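Engineer: Going left to right, the sequence shown walks through residues 128 to 382 as the working numbering numbers them.
A few of these clues could be false.
Claimed, not checked - Derived BS3-like pairs (lysine-lysine); straight-line CA-CA distance at most 27 Å:
1. K323 / K225
2. K378 / K323
3. K227 / K325
4. K356 / K225
5. K378 / K222
6. K323 / K222
What the hints assert, rightly or not - Label pairs and their calculated CB-CB ranges:
7. G319 / D210: 26 to 34 Å
8. S246 / G358: 20 to 28 Å
9. S295 / Q209: 36 to 44 Å
10. E288 / D223: 31 to 39 Å
11. G358 / K222: 16 to 24 Å
12. T343 / G287: 31 to 39 Å
13. G319 / R202: 18 to 26 Å
14. W226 / R204: 21 to 29 Å
15. A286 / S320: 16 to 24 Å
16. E201 / T322: 15 to 23 Å
17. V214 / K378: 21 to 29 Å
None of these hints come from the bench; they were simulated from the model. Quick caveat: nothing in here was measured; it's all calculated off a predicted structure. Just so it is clear, CB atoms sit at the ideal spot from N, CA and C, and this is done for glycine as well.
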Amino acid sequence: MFGRKKHQAEEPTDFWKQRSWVSSAVFLGAALVIGSVSFITGGAGGEADATPSEAVKGPLSTDGSKDSGRGKGERPRGCRTQDGEDVTRPTSAPKDLKWKNLDGVTVPTSASAGPTRYSGPVWWCYAHTPMGAVMAAHSILTHMSTADWRTVAEQQLVAGEGRDAFVSQRSRLGQSQMTGDDAGVPSGFFVGSFTKDKTQVHLLIKGAGGGLGAATVSMRWSGGDWKVKPGTDGSLFATSDSGVNSNGFIKWGAA
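Model the full assembly from the supplied sequences, consistent with the hints where possible.
Structural biologist: Okay, structure coming up:
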């Protein structure tokens, strides 16, 4: 997928065609998806599969429908986590950490930090803590490379201009044109600024070739759970792919 070097010499304007984005695409399932668009829409000549059907409503719907089953500010029905007032940034991985395979990408899960509920493709019910935000960031981004990305985007990306831009761009990429061969595995994390409603999560990913990349994800507490807040251009995270090392990261997974 990433062997067609000639397209990397172009200077496209869309975020998912930027060279920094493409070169970091080996680090995460979601980045792999968006980075792939540069080769499909940048002159490859192929048409992407048709846009998937509209997402169904689910446990994190916030439009006031019966599916939400809650008032404003309440947790989704059936979601219980023991959060307390814990706003302490984690200094280690959860003791109950378990790794789960998601379409070829290894994703961290935890009974204490989440996800604790699985509704079809939607992994949800994260602890209202910094560690809960870390777990949500990994799962939500990785789901963007699956066939059910549209449903997860509807439920677990913050609604607005950024989500609309992401859905429009992601729809250009057919599922049959994706591969997880180059996807990396989680190697570390740390939490930046944190409040009860928003935080920045920094992820360290080891690529298939052994190199390290870093991604910064903006998370928001919305509709009673953690969600990814896309940029206005549809980007799901900011990347760094040069001079990255593991200093300052809490090691886990492929570290």
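Engineer: Quick one: which hint numbers does this structure break? Sort them smallest to largest.
Structural biologist: 7, 11 and 12
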